[in-house]
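**Student:** The lines below spell out each chain.
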Amino acid sequence: MLKANGCMTETSSKDDAINGGGNAREATGRQHTAASEGVGEQDLPNDEANNPSSLVVHFGADQPLALDCQQSLAPFSIAYQTYGNLNAEKSNAVLICHALTGDQHVANPHPVTGKPGWWKTIVGPGKAIDTDRFFVICPNILGGCMGSTGPATINPTTGKPYGLDFPVITIGDMVRAQARLIDHLGIDQLFTVVGGSMGGMQVLQWAAAYPERVFSAIPIATGAWHSSQNIAFHEVGRQAVMADPSWCAGNYQAENKKPRNGLAVARMAAHITYLSEDALQLKFGRNLQNRPDRTFSFDADFQVESYLRHQGSTFVDRFDANSYLYVTRAMDYFDLEIDYDNVLANAFRGTTTRFCIVSFTSDWLFPTRESREIVQALNAVAANVSFVEIESNKGHDSFLLEEPEFFETIAGFINAGAKRRGLPIPD
Amino acid sequence: MTKPIPNLNGDEIQPALERVDHVLIAEMVEPGSRVLDVGCGDGALLQLLSDTKAVDGRGVELERDRVNACVKRGLSVIQGDADRDLDDYPDQAFDYAILSLTIQATRQPKVVLQNLMRIGRRAIVSFPNFGHWSVRASLLLNGRMPQSRNLPDNWYSTPNAHLCTIKDFDSLCNIVDATVEEAVAFNSSGKRLPIRKSLSLQNLFGEQAVFRLRANDATIT
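So the protein lines, in turn, are chains V and C.
Each residue of the first sequence is one higher than the one before, starting from 9 at the first, in our numbering.
Each residue of the second sequence is one higher than the one before, starting from 115 at the first, in our numbering.
Bear in mind the hints are in silico, worked out from the structure with no lab data behind them.
We treat Cβ as the ideally placed atom computed from N, Cα and C, and that holds for glycine.
Be aware that one or more of the hints could be misleading.
[To be verified] Quick list of simulated restraints, FRET-style, between CB atoms:
#1 V/Glu399 with C/Asp170: 43 to 51 Å
#2 C/Glu141 with V/Asn116: 48 to 56 Å
#3 C/Ser314 with V/Trp372: 52 to 60 Å
[To be verified] Sample of chain V residues facing chain C (criterion: CB under 7 Å; computed from the structure):
#4 Gln384
#5 Asn387
#6 Phe421
Please construct the entire structure, taking both the sequences and the accompanying hints into account.
**Tutor:** Set out below in structure tokens:
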């Protein structure tokens, strides 16, 4: 295993932000316990999948969730974290929707990796999403592997993990499940729904499906549909997982195996799409990894190779391979306008939600033009919309990183909304 | 020096010093109305309208830094281009569509003006008057493109692609079938010219002008 060297420190911390953790070199006590019980190496995510270190709400067999694939799911659970306090009027709730491989551990150390919360940059006391003023909720998505029901969850009818028996889910299903959590918390209207990337897709889905429950919405670095190129990258990732013999046709848990290599390759490919050519060139160039010269081998001679291998291998410690298949599929299926006569504007007709759309100049996964399409649709219904493009060379992952201009913009939008909603604003 | 104007609480709001047109525009806007400010810059006019007229305001601005500054101060502003992005808006979505000192910098002023009158029940347009005597004198006497406080840039670096005079704009209003409900010419300190009747005199002595328009074919309430 290649360790992060000095020049990669910042990038490794970037990974923290991306993943909500990642480098599990320092094994947690939990990991040792699990291993000593001889449950096998795959049980780490499984443990969190079935016994999460966060709040969980369970919906029983009598409370099924209707899915877009025409099946229904019951029972099901949503694991979530909260920060701050809900006010008496229940008007200060902020829902954070996490991205593909994120989870509910937004602003606390990750239970598997021990790394800081993935959005600590923006969520916390006095920060743009101010936990002194807002009640922040972040659920693990349906289909995830950190405690919400997903393919790694034990199927109560078989006593084994769902695996590929888990129904194929959509962003709409995830949001429908989240709405059940918000019902459970007794909240009628969310002050803000915010998220980046796949989180942004959920934000758009929330605004379209439950306009009266969303006072303001902040979709970041996202699009109203998943592009052909993005589907293509996801397919590469899925094929990498499925080509790994240890995947065992999705049955690896029963076989006491784990498709580490496949999932790691999937992560490596995906990780490139989260960065930018500039960022890679600036950070790594053609620098060699702890060696004076090329080794004339297929070892990771270049720093960028070492970095990607590191990203891949740490990812598999905390993520379930089948979950990766399902969640990437949910993103691929996302196309908000298909439920609205193929006119995106129809998804927002009559909305009173205040929108703040954010894109980043160097994001080629969800480029600014995709944000602009959302803005155009919102303009077409004369919705209240702000739209900023933040200059950054850090690619798609910019939304997880230290970007003061981004933070100030979000804070400005949130505080203007708070003022209108009669919520406290900072001095 | 612009005159302070009272906000909703009775406090005095000082408009941006260099933007004397803002005060005159604000006087033309009904309280509580829906406003789209096209080319809203740093949001000074939107802020003024929000503070003094409690408008539901939106802005469009071309330059990214200014957009971000607007959103940071809590204004609903999008990054966009008056020449390209106004097509997206539905008819009569706003009470007022405003273009303050922006029309001369657009590529297609006529199309922009038509869009403005389509989107807003009324359009309010302010612009620097190229017919002002100092501009005429400068060109006549020096034989060079005029530069002034109102028109500070060199000909080669100015964003103003389509400068016009008050008479020119008035005739464009006829061409696009707009009724001029109010036209105010004023000097650089924001003082209205005493002459109201004569377009020629306004054209000679007004440094800037604000027009409030409505489309002739629009149903106005």
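**Student:** Please go over all the hints and tell whether each is borne out by the structure.
**Tutor:** To see whether the hints hold, each was checked on the structure:
1. V/Glu399 with C/Asp170: 43 to 51 Å: Violated - the Cβ-Cβ distance for V/Glu399 and C/Asp170, about 29 Å, lies outside 43 to 51 Å.
2. C/Glu141 with V/Asn116: 48 to 56 Å: holds, 54 Å
3. C/Ser314 with V/Trp372: 52 to 60 Å: At 56 Å between Cβs, range holds.
4. Gln384: holds, 5 Å
5. Asn387: At 4 Å from the nearest chain C Cβ, V/Asn387 passes the 7 Å test, so the hint holds.
6. Phe421: holds, 6 Å
In the structure shown, a violation is registered for the earlier hint numbered 1 alone.
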